[in-house]
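Going by our numbering, the first residue of the sequence shown is number 1, and it counts up by one from there.
Ranges of calculated distance between the beta carbons of each label pair, as one might list FRET restraints:
#: 1; residue 1: T93; residue 2: F68; range: 26 to 36 Å
#: 2; residue 1: G22; residue 2: L43; range: 15 to 25 Å
#: 3; residue 1: T55; residue 2: Y130; range: 25 to 35 Å
#: 4; residue 1: N174; residue 2: A73; range: 46 to 56 Å
#: 5; residue 1: K66; residue 2: Q126; range: 34 to 44 Å
#: 6; residue 1: Q126; residue 2: N15; range: 49 to 59 Å
#: 7; residue 1: N15; residue 2: E157; range: 38 to 48 Å
Read the hints as simulated data drawn from the structure, not as lab findings.
Each residue gets a CB set at the ideal place from its N, CA and C atoms; glycine is no exception.
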Amino acid sequence: AVVSTQSGHYGRGVNIINSTLGKALGGACGGYTTGPKQVIELLRQRSRPYLFSNTVPPAVVGGAIKVFELLNASSELPELVDRNTMHFRKRMTDAGFTLSGSTHPICPVMLYDAALASSMADALLQRGIYVIGFSFPVVPKGLARIRVQISAAHTIEDVDRCVDAFIEVGKEKNVI
Numbered sequence: 001a002v003v004s005t006q007s008g009h010y011g012r013g014v015n016i017i018n019s020t021l022g023k024a025l026g027g028a029c030g031g032y033t034t035g036p037k038q039v040i041e042l043l044r045q046r047s048r049p050y051l052f053s054n055t056v057p058p059a060v061v062g063g064a065i066k067v068f069e070l071l072n073a074s075s076e077l078p079e080l081v082d083r084n085t086m087h088f089r090k091r092m093t094d095a096g097f098t099l100s101g102s103t104h105p106i107c108p109v110m111l112y113d114a115a116l117a118s119s120m121a122d123a124l125l126q127r128g129i130y131v132i133g134f135s136f137p138v139v140p141k142g143l144a145r146i147r148v149q150i151s152a153a154h155t156i157e158d159v160d161r162c163v164d165a166f167i168e169v170g171k172e173k174n175v176i
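Model the full assembly from the supplied sequences, consistent with the hints where possible.
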């Protein structure tokens, strides 16, 4: 979450940034809040989650620092993620799949049936595509999906191989 005095301009006029050290930063836990010293001091004294939290492991902090260094040095990796994500989303929707969201690199392929999501994920794994089927109670009943995570480490060829496998399995399972 970003609290800003000037909407529409990430990084400009931002007073407080609150984020996680999760998927995007390669960490497994923790988060952070940055802002004016007075705000941070108030949060340290009054924020219940802060009062009962544990310190973030040094390896997670070190990994997050390295990610910030890489992101500050070049926009290449985020641009690759965006390119790969848009390519995946376009090919999948053109093939007839329903994807939730519009630009995020975590791409939920909506199947709406728990058994189908599980069997489709298994069939994709048989083809060398590791994806996870999600169903209740992780997501609401009737909103089962396969979650695909796109990264900068993927090549366009990797993305195409993934989509081709989805199309093959989707036809076998009468999804498309």
